[in-house]
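Participant: Sequence:
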Amino acid sequence: MAGTLFEDIFVVCRLHPDGKKFDRVTRIEARSEQFDMFMQLDVATDVYPLDVGNKFTMVLVPTLNLDGTPDNGFFTQAGRKTLADKYEYVMHGKLYKISEDTSGEDAKVLMNQECKPATQFGPRARSEIYVSFGGLLMMLKGDPSTASRFELDQRLFLLMRSV
Numbered sequence: 001m002a003g004t005l006f007e008d009i010f011v012v013c014r015l016h017p018d019g020k021k022f023d024r025v026t027r028i029e030a031r032s033e034q035f036d037m038f039m040q041l042d043v044a045t046d047v048y049p050l051d052v053g054n055k056f057t058m059v060l061v062p063t064l065n066l067d068g069t070p071d072n073g074f075f076t077q078a079g080r081k082t083l084a085d086k087y088e089y090v091m092h093g094k095l096y097k098i099s100e101d102t103s104g105e106d107a108k109v110l111m112n113q114e115c116k117p118a119t120q121f122g123p124r125a126r127s128e129i130y131v132s133f134g135g136l137l138m139m140l141k142g143d144p145s146t147a148s149r150f151e152l153d154q155r156l157f158l159l160m161r162s163v
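Note that UniProt numbering has the sequence shown beginning at 1, numbered continuously upward.
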């Protein structure tokens, strides 16, 4: 897929880690299968319901255009195909924070089935990216090489589909 910044399969391991705050929004915690990433994501569950154990593909891209050309920011009803046609849930947002933990003490965090950190000490740093999708938030934590693909204030599309 042209212009893909991140793609992995996630498993939902916990809902509402801090308690349910909104009627139609669920904060999920999920872990990825391939890149050892941890994600917290707010999902409009009246549109896209999720439950513990659900698996989904999550992709972050800068444009929905199939050829990878930049998005002009305007919706057209021309009926042309986009990446959104291949997914069940799509959000558009802005990356507002990138942080990195290089302390080395809590450097490698693995998630067990309940998404609770199982710490392994080592020299690996972890980075976090934060994106706001109109108030629905995402935090993606993992290897710094993943965060190096992103830029502060970058516009992103999040695409999801069940596996």
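By construction, these hints were calculated from the structure, which means they are not laboratory data.
As the structure is a computational prediction, the values presented were derived from the model and not from experiment.
No residue lacks a Cβ here, since even glycine has one placed at the ideal position from N, Cα and C.
Be aware that one or more of the hints could be misleading.
Within a straight-line C-alpha distance of at most 16 angstroms, the following computed EDC-like cross-link-like pairs (lysine to aspartate or glutamate) qualify [said to hold, decoys possible]:
| id | residue 1 | residue 2 |
| --- | --- | --- |
| 1 | K20 | D71 |
| 2 | K97 | E151 |
| 3 | K97 | D51 |
The calculated label-pair distances, taken between Cβ atoms and stated as ranges, are [said to hold, decoys possible]:
| id | residue 1 | residue 2 | range |
| --- | --- | --- | --- |
| 4 | L15 | Q77 | 31 to 37 angstroms |
| 5 | Q77 | K21 | 23 to 29 angstroms |
| 6 | E33 | F75 | 29 to 35 angstroms |
| 7 | R80 | V52 | 34 to 40 angstroms |
| 8 | V163 | V47 | 17 to 23 angstroms |
| 9 | I9 | T76 | 15 to 21 angstroms |
| 10 | L66 | L15 | 29 to 35 angstroms |
| 11 | F74 | H16 | 33 to 39 angstroms |
Participant: Could you say whether the range 34 to 40 angstroms given as a hint is met by the Cβ separation of R80 and V52?
Facilitator: 37 angstroms Cβ-Cβ, so the 34 to 40 angstroms window holds.
Participant: Next pair to validate is K97 with D51; report whether the Cα-Cα distance is within 16 angstroms.
Facilitator: Status violated; Cα separation ~28 angstroms.
Participant: Within a Cα-Cα threshold of 16 angstroms, do K97 and E151 meet the stated pairing?
Facilitator: Measuring from Cα to Cα gives roughly 9 angstroms; hence the hint holds.
Participant: Could you grab the alpha-carbon distance between K20 and D71 and see if it respects the 16 angstroms cut-off?
Facilitator: 35 angstroms, violated
Participant: A range of 15 to 21 angstroms was offered for this pair. Does it hold for the Cβ distance of I9 and T76?
Facilitator: 31 angstroms, violated
Participant: Starting from the hint 29 to 35 angstroms, judge whether the C-beta atoms of L66 and L15 obey it.
Facilitator: 33 angstroms, holds
Participant: Tell me if the beta carbons of L15 and Q77 are separated by a distance inside 31 to 37 angstroms.
Facilitator: Holds, at about 36 angstroms.
Participant: Measuring from beta carbon to beta carbon, are F74 and H16 in 33 to 39 angstroms?
Facilitator: For F74 and H16 the Cβ distance comes to about 36 angstroms; the hint holds.
Participant: Is the gap between the beta carbons of V163 and V47 within 17 to 23 angstroms?
Facilitator: 18 angstroms, holds
Participant: Determine whether the Cβ-Cβ distance between E33 and F75 falls within the hinted range of 29 to 35 angstroms.
Facilitator: 33 angstroms, holds
Participant: In this structure, is the beta-carbon distance linking Q77 and K21 contained in 23 to 29 angstroms?
Facilitator: Violated: the Cβ-Cβ distance is about 35 angstroms, outside 23 to 29 angstroms.
Violated hints, listed in ascending order, are 1, 3, 5 and 9; each of the other numbered hints is respected by the structure.
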